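Enquirer: The whole structure should be built from the sequences, with the hints applied where relevant.
Here is how the chains run, residue by residue.
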Amino acid sequence: MRLSFHLVDSINLDNLYMMILSSGLKFAYTERQRFQFPDITASVGDPLLILGNSGKGKTTFLHLLGGLLQAHEGEIIINETDITRLSIQDLDRFRGRNIGIIFQQSHFVAALTVRENLQLAQKLSGNPVDHDQIMDMLARLGIAAKSEQSTYRLSIGEQQRVAIARALINRPKLLLADEPTSSLDDYHTQEVINLLEEQAHAAGSALIIVTHDNRLKEHFSHSVELD
Amino acid sequence: MNLLLLSWKNLRERPLHTLMSVMLLTLGVSIISLLLILSQQLDGQFKDNIKGIDMVVGAKGSPTQLILSSVYHIDNPTGNIPLKEAEELLKHPLIKEGIMMAYGDSYKGYRILGTEHSYVQHYEGELAEGKLWEEPFEATIGAGVAERLNLSIGDTFYGSHGNVETEEGVHDEQAYVVVGILAPSRRVIDQLIMTPIQSVWDIHSDHGHEEEGHEEDEEEHVDEEDHGPEHDDEDKEITAMLLKWKSPMGMMMLPRMVDKETSMKAALPAIEVSRLTELFSVGRTTIEMIALAIILISGISVFVSIYSSLKDRKYELALMRTMGASREQLLILVLLEGIILGALGYVCGILVSRIGVSVLSFYFEEAYHYPLTQMIVSIEELWLLLAIMVIGGLAALIPGIRAFSLNISQTLADG
Numbered sequence: 001m002r003l004s005f006h007l008v009d010s011i012n013l014d015n016l017y018m019m020i021l022s023s024g025l026k027f028a029y030t031e032r033q034r035f036q037f038p039d040i041t042a043s044v045g046d047p048l049l050i051l052g053n054s055g056k057g058k059t060t061f062l063h064l065l066g067g068l069l070q071a072h073e074g075e076i077i078i079n080e081t082d083i084t085r086l087s088i089q090d091l092d093r094f095r096g097r098n099i100g101i102i103f104q105q106s107h108f109v110a111a112l113t114v115r116e117n118l119q120l121a122q123k124l125s126g127n128p129v130d131h132d133q134i135m136d137m138l139a140r141l142g143i144a145a146k147s148e149q150s151t152y153r154l155s156i157g158e159q160q161r162v163a164i165a166r167a168l169i170n171r172p173k174l175l176l177a178d179e180p181t182s183s184l185d186d187y188h189t190q191e192v193i194n195l196l197e198e199q200a201h202a203a204g205s206a207l208i209i210v211t212h213d214n215r216l217k218e219h220f221s222h223s224v225e226l227d
Numbered sequence: 228m229n230l231l232l233l234s235w236k237n238l239r240e241r242p243l244h245t246l247m248s249v250m251l252l253t254l255g256v257s258i259i260s261l262l263l264i265l266s267q268q269l270d271g272q273f274k275d276n277i278k279g280i281d282m283v284v285g286a287k288g289s290p291t292q293l294i295l296s297s298v299y300h301i302d303n304p305t306g307n308i309p310l311k312e313a314e315e316l317l318k319h320p321l322i323k324e325g326i327m328m329a330y331g332d333s334y335k336g337y338r339i340l341g342t343e344h345s346y347v348q349h350y351e352g353e354l355a356e357g358k359l360w361e362e363p364f365e366a367t368i369g370a371g372v373a374e375r376l377n378l379s380i381g382d383t384f385y386g387s388h389g390n391v392e393t394e395e396g397v398h399d400e401q402a403y404v405v406v407g408i409l410a411p412s413r414r415v416i417d418q419l420i421m422t423p424i425q426s427v428w429d430i431h432s433d434h435g436h437e438e439e440g441h442e443e444d445e446e447e448h449v450d451e452e453d454h455g456p457e458h459d460d461e462d463k464e465i466t467a468m469l470l471k472w473k474s475p476m477g478m479m480m481l482p483r484m485v486d487k488e489t490s491m492k493a494a495l496p497a498i499e500v501s502r503l504t505e506l507f508s509v510g511r512t513t514i515e516m517i518a519l520a521i522i523l524i525s526g527i528s529v530f531v532s533i534y535s536s537l538k539d540r541k542y543e544l545a546l547m548r549t550m551g552a553s554r555e556q557l558l559i560l561v562l563l564e565g566i567i568l569g570a571l572g573y574v575c576g577i578l579v580s581r582i583g584v585s586v587l588s589f590y591f592e593e594a595y596h597y598p599l600t601q602m603i604v605s606i607e608e609l610w611l612l613l614a615i616m617v618i619g620g621l622a623a624l625i626p627g628i629r630a631f632s633l634n635i636s637q638t639l640a641d642g
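Chains A and B supply the protein sequences, listed in that same order. Residues in the first sequence are numbered consecutively from 1, following our numbering. Residues in the second sequence are numbered consecutively from 228, following our numbering.
None of these hints come from the bench; they were simulated from the model. From a predicted model like this one, the values you see are computed outputs, not experimental measurements. Among these hints, one or two may not hold up.
Derived contacts from chain B toward chain A, CB cut-off under 8 angstroms, selection only [what the hints assert, rightly or not]:
(1) Tyr542
(2) Glu543
(3) Ala640
Cβ coordinates follow ideal geometry from the N, Cα and C atoms, glycine included.
Expert: Here it is, written out as structure tokens:
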């Protein structure tokens with residue numbers, strides 16, 4: 001199942017050297033609630049699993065890596081940019097272009113169709129709206145037929161696929177997934193993990209999965225645990 | 228998928244809230260726009276038609292009625308005045324010129340006015356067809372009359388007594404013939420049938436004394452009949468005379484002199500018009516206040532609609548930030564919702580006011596022969612557009628600031 005990752009010739013050189021790394025990251029909500037995170041690295045074709053039980057700061061770590069929270073100490077380097085040093089405006093722009101996030105529950109802009117949600121993601125990232133690219137992406141995830149539907153009419157599984165499509169439509173350097181498998185049975189867990197790995201690879205994105213789902217451990221050679 | 232389109236789609240996502248806000252805005256805008264149009268039209272008509280008329284003399288009675296009847300032709304005349312006295316007044320050194328008018332009859336609700344050619348010149352009337360009246364029972368008609376009554380050169384008609392058409396009152400001995408039609412001027416002459424004063428005298432002498440007016444003196448009535456159909460100058464009467472002074476001194480001297488030393492009454496159009504305008508202004512202010520209150524409430528409705536929807540959409544907005552939207556973009560997105568609502572309310576409001584004008588115009592023309600016409604958007608209404616969009620934007624400002632300062636991490640974690 002990890003066969004596709006050894007097809008090095010399908011990866012362009014940029015991506016090969018593209019690394020995500022964090023070091024010395026610290027964040028505190030209050031004096032008591034402090035987090036210190038392990039240093040990590042991830043790159044295209046070498047996904048990283050971050051494991052941790054509730055209360056260990058998984059979501060905080062994910063938000064720090066996604067630039068949704070600003071770290072108090074340490075650095076996060078994505079494609080040679082230290083995002084902890086970016087201004088709010090630059091961070092918004094950087095996030096749009098370089099980071100795709102898949103949340104535990106799939107949410108969309110309710111007023112828009114599946115296709116329009118993807119268009120919005122392209123537009124907000126500052127990329128040109130590319131209809132063909134959107135339809136390709138939807139086709140690759142097997143949901144092309146749903147493109148004109150409202151997102152809330154889709155099944156949970158379909159919604160997750162649309163969320164993956166949206167996270168990857170701008171070919172981000174980093175794809176973050178928050179608990180993508182927590183509510184799935186073994187069969188579907190396998191399916192989603194395959195899908196994530198394949199699609200991240202195809203889009204040239206480094207994949208980081210944050211989860212408490214210990215079943216995933218056996219799928220990934222590279223993992224860290226929060227404690 | 229630009230922000231404007233997204234704002235629009237968000238509004239469509241909650242149609243009832245949107246409809247409510249737009250309806251309130253529509254109501255407020257249409258009332259204000261109608262007020263603007265009506266007051267502009269009335270002011271315009273009032274001011275336009277008194278231009279160059281310094282004083283009006285007529286029979287004793289209410290000066291307002293005198294102005295309304297002899298300048299605007301919308302009230303009954305106060306009575307008649309002796310021609311002799313009018314001619315004498317014209318000789319006064321402070322009088323520059325005067326135009327005599329004699330009313331009597333009407334045709335299908337349009338007044339037949341016996342007057343001089345200078346009346347048409349005064350209102351800068353121009354002939355569209357034919358010529359001005361020369362002989363008795365020749366009539367030159369205003370553009371509005373020609374259009375509504377479908378009259379053309381050579382047509383004949385009978386006047387009926389007074390201003391209201393009644394079966395009994397038709398003067399069917401002598402028909403008027405249309406000899407000329409004036410071009411539209413947007414002044415009172417559009418709505419008049421004009422003829423030599425002699426026509427009015429002739430028709431009423433044939434009939435015995437049937438001059439227009441409610442303050443008719445029975446004794447006078449008898450006197451007149453004694454003289455028989457052969458009127459001489461001594462007994463001729465006119466209804467009113469429009470006057471222009473030689474100098475502002477006229478205002479100091481003439482009205483008092485006329486009131487004191489003659490059987491006539493002098494009225495100053497400028498004063499009467501401002502008195503009327505003042506009378507209207509109380510009602511106008513009240514309606515203005517109501518309209519402003521409605522606009523205020525609609526502003527609040529816009530605020531409530533956007534604010535409550537924002538609660539449900541917090542996650543959506545945070546999500547947009549993760550996709551690269553800036554805080555400013557979210558602010559604009561929310562402000563645009565308010566501005567779109569304002570613009571929609573404005574467009575609907577203007578449409579409603581135009582429909583209102585058409586309906587009112589119908590009644591106005593029926594009652595006063597004053598059509599209202601306002602189809603283009605006036606400067607004041609453009610300011611109104613700006614004001615409504617600002618109100619929409621202001622109503623959306625607080626929700627917009629909330630969107631701007633949204634804590635995305637917290638919102639996403641709360642899911």
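Enquirer: Are the hints correct? Go through all of them and say.
Expert: Outcome of the hint check:
1. Tyr542: With a closest approach of 5 angstroms, the Tyr542 (chain B) hint holds.
2. Glu543: Given a least distance of 5 angstroms, the restraint on Glu543 (chain B) holds.
3. Ala640: Hint holds; Ala640 (chain B) Cβ to chain A Cβ min 5 angstroms, cut 8 angstroms.
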